[in-house]
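*Asks:* These protein sequence lines are chains A and B, in that order.
Under our numbering, think of the first position of the first sequence as -6, with each following residue one higher.
Under our numbering, think of the first position of the second sequence as 206, with each following residue one higher.
Don't take every hint at face value.
Derived lysine-lysine pairs resembling PhoX-like cross-links, with alpha carbons at most 25 Å apart [as the list claims (entries may be wrong)]:
no.: 1; chain 1: B; residue 1: Lys406; chain 2: A; residue 2: Lys126
no.: 2; chain 1: A; residue 1: Lys87; chain 2: B; residue 2: Lys406
no.: 3; chain 1: A; residue 1: Lys181; chain 2: A; residue 2: Lys191
no.: 4; chain 1: A; residue 1: Lys125; chain 2: B; residue 2: Lys229
Here's a subset of chain B near chain A, in silico, CB distances under 10 Å, partners left out [unchecked claim]:
no.: 5; residue: Ser241
no.: 6; residue: Glu244
no.: 7; residue: Asp393
no.: 8; residue: Val394
no.: 9; residue: Arg405
no.: 10; residue: Ser409
no.: 11; residue: Arg426
no.: 12; residue: Gln448
no.: 13; residue: Asp451
no.: 14; residue: Asp452
no.: 15; residue: Arg454
no.: 16; residue: Tyr457
no.: 17; residue: Ser463
no.: 18; residue: Val465
Everything labelled a hint here was simulated from the structure, so no lab data went into it.
These numbers come from a predicted model, not from an experiment.
Built from N, CA and C at the ideal position, the CB exists for glycine as well.
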Amino acid sequence: MTPHWILSLDGIGKDFVFHHQQGTRIVVFEQFSHQFYPGSATILTGPSGAGKSTLLRMIYATYRTESGSIRVRHRDDLVDIAAARPAMIYALRKHTIGYVSQFLRVVPRVSALDTVIEPLLARNMDPEQARKKGKALLERLNIPSNMWHLSATTFSGGEQQRINLARGFIAPFPILLLDEPTASLDLKNRRTVIDLIKEALADNTCVIGVFHDPADHREFAGHTIDLADMIHQEMKQPCPEKD
Amino acid sequence: MSVLQENDSLPLLEVRHLSKFFGKQLGCHDISFAVSPAEVIGVVGESGSGKSTLLDCIAGRLKSSNGAVLFNSSVGMLDLCRCDEALVRKIIRTQTGYVTQNASQGLKMHISAGGNIGEKLMANGMRNYRQIRKEALAWLAKVEIDPGRIDDLPSTFSGGMQQRLQIAANLVNAPKIMLMDEPTSGLDVSVQARLIDVLRKLVSGLNLSMILVTHDLAVARLLCHRLYVMKQGKIVESGLSDQILDDPRQPYTQLLVSSVLKP
Ligand SMILES: Nc1ncnc2c1ncn2[C@@H]1O[C@H](COP(=O)(O)OP(=O)(O)OP(=O)(O)O)[C@@H](O)[C@H]1O
Ligand SMILES: [Mg+2]
Chain A
-6 MTPHWILSLD
4 GIGKDFVFHH
14 QQGTRIVVFE
24 QFSHQFYPGS
34 ATILTGPSGA
44 GKSTLLRMIY
54 ATYRTESGSI
64 RVRHRDDLVD
74 IAAARPAMIY
84 ALRKHTIGYV
94 SQFLRVVPRV
104 SALDTVIEPL
114 LARNMDPEQA
124 RKKGKALLER
134 LNIPSNMWHL
144 SATTFSGGEQ
154 QRINLARGFI
164 APFPILLLDE
174 PTASLDLKNR
184 RTVIDLIKEA
194 LADNTCVIGV
204 FHDPADHREF
214 AGHTIDLADM
224 IHQEMKQPCP
234 EKD
Chain B
206 MSVLQENDSL
216 PLLEVRHLSK
226 FFGKQLGCHD
236 ISFAVSPAEV
246 IGVVGESGSG
256 KSTLLDCIAG
266 RLKSSNGAVL
276 FNSSVGMLDL
286 CRCDEALVRK
296 IIRTQTGYVT
306 QNASQGLKMH
316 ISAGGNIGEK
326 LMANGMRNYR
336 QIRKEALAWL
346 AKVEIDPGRI
356 DDLPSTFSGG
366 MQQRLQIAAN
376 LVNAPKIMLM
386 DEPTSGLDVS
396 VQARLIDVLR
406 KLVSGLNLSM
416 ILVTHDLAVA
426 RLLCHRLYVM
436 KQGKIVESGL
446 SDQILDDPRQ
456 PYTQLLVSSV
466 LKP
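Can you build the whole structure from these sequences, using the hints too?
*Replies:* In structure tokens:
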């Protein structure tokens, strides 16, 4: 028996209209559909600008979806992210969908450790226990302990990315979105991240990711969606806005 | 960002078709939105777009021309535009807070920091001097003001400290919602960061809702769950903060977002 999907995109469409640049319109997705399953890895590929990050952001609801539906299993319900109310999006982001962006958005004055454990505190975990978990993960990602209490504002790109990853992996999510998570890491840390992803998969997480290095692709027995092949390619030429 | 209700519970506050005209001049027009418990809403837009007018109508500082402000108070759902004025004043005093850009308007500059906090407690019926002082000391610590400054006048405080004192004085009575008009503008960036940090901690610890008027999109992103974009008295776009800032759709929002360095 095939397992049931956890995330289903049905006929989704996304375009960007640049009102202050002659109304240029870029169509990134049109009538795109795909299903994602628990415990499976899906790798998004395609040239720069193909829409890899856009797709992740639509699933996370950072980008609004104009047409089609993005249905996700959230606890015992099916929720359409494209039409969900704000309170539902907050709940999805707290429990169901994790997202590691390419760059950490540093909040001034918040320590690296507190940045990492925020998703646990959001789920009301005991702060002491959360800190313990956070420290263990920072250790695993080779962030020296004397940096844990500093704000990440001054951290290097690779250090910030590891803080971002720790924050993404600290709490288990049924769906995990990764946008080039290993891009600024050295070999040793890249290995750790690959291990973390494999552990999440073993825990039945549905991982959807963009990986900049083809070597990473071979690490997972997942399948690939090549966004360069999509029908939307024909539409990619900017066309004037229709009124 | 952590304590939000997951079910679609009753809103704490709901603005319905609110308009305000100053003679023929439009303040704000046909504004509708709802704020859930523990939700932080940002109102952004250029100066003169009606943000403060809207906030002042909600705070009962201006009388709206049309529309309703429904508030889920301790005595049930009330239309603050329509019910008995004495009751509205009491509800606003005890269940809402209001922080202005200019601390000298929100604070009494001729009485001490502790006095500014104590006054609010006394207005709410607290009489025991030692208890009032104890509360004031605790609140100064919460907003990161050295409790040793309790007897100093606010005029001897820096701008950032005055703002934090104003916030403490507004929170002592445990309001359900804070209305804030440009609380960070006019402050140095590092001072702003501290104020924002204090606010973030207070909001997540107190189950407090907030309506924050700001023209600073970086502040809006850090503090707000959702944003409303205003232009010429009307809401032109609304959505989750990241949707508005990362995927702006309306011409005016695109202009606003692209005019600043990556918020
Ligand atoms: N917020 C936005 N506003 C306007 N256009 C956008 C926005 N985000 C993405 N786009 C456009 O959508 C298209 C897809 O971009 P996207 O970032 O998804 O590509 P990508 O496949 O992730 O590329 P890369 O490999 O360079 O990261 C591009 O043409 C891009 O310019
Ligand atoms: Mg990308």
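*Asks:* Compare the structure with each hint and give your call.
*Replies:* Each hint tested on the structure:
1. Between Lys406 of chain B and Lys126 of chain A, the direct Cα distance comes to roughly 21 Å. Compliance with the 25 Å bound is thereby established for this hinted pair.
2. Proposed proximity of Lys87 of chain A and Lys406 of chain B is supported: the alpha carbons are some 18 Å apart, at most 25 Å.
3. Taken as a hint, the Lys181 of chain A and Lys191 of chain A pair is honoured in the structure, with Cα atoms around 16 Å apart against an allowance of 25 Å.
4. With a C-alpha separation of about 61 Å, the suggested pairing of Lys125 of chain A with Lys229 of chain B is violated against the 25 Å cut-off.
5. Against a cut-off of 10 Å between C-beta atoms, the interface hint on Ser241 of chain B holds, since the closest Cβ of chain A lies about 6 Å away.
6. At about 8 Å, the closest approach between the beta carbon of Glu244 of chain B and any beta carbon in chain A falls short of 10 Å, and the interface hint on this residue holds.
7. Interface hint at Asp393 of chain B: violated, since its Cβ lies 12 Å from the closest Cβ of chain A, which is beyond the 10 Å cut-off.
8. Against a cut-off of 10 Å between C-beta atoms, the interface hint on Val394 of chain B holds, since the closest Cβ of chain A lies about 9 Å away.
9. Because the smallest distance between the Cβ of Arg405 of chain B and any Cβ of chain A comes to about 8 Å, under 10 Å, the interface hint for this residue holds.
10. Taken as an interface hint, Ser409 of chain B checks out: its beta carbon lies about 8 Å from the nearest beta carbon of chain A, inside 10 Å.
11. With its C-beta approaching chain A no nearer than about 8 Å, Arg426 of chain B sits inside the 10 Å limit, and its interface hint holds.
12. Restraint check, Gln448 of chain B versus chain A: the minimum CB separation of about 6 Å is within 10 Å; hint holds.
13. Because the smallest distance between the Cβ of Asp451 of chain B and any Cβ of chain A comes to about 5 Å, under 10 Å, the interface hint for this residue holds.
14. The criterion of a C-beta within 10 Å of any C-beta in chain A is met by Asp452 of chain B, whose closest approach is roughly 4 Å, and the hint holds.
15. The closest approach between the C-beta of Arg454 of chain B and any C-beta of chain A is roughly 7 Å, which is under the 10 Å cut-off, so the hint is satisfied.
16. Hint status for Tyr457 of chain B relative to chain A: holds, with the closest Cβ pair at about 9 Å, below 10 Å.
17. Checking Ser463 of chain B against chain A by beta carbon gives a least distance of about 7 Å; that is within 10 Å, so the hint holds.
18. Hint status for Val465 of chain B: violated, given a least beta-carbon distance of 14 Å to chain A, over 10 Å.
Of the numbered hints given earlier, the model fails hints 4, 7 and 18; all others are met.
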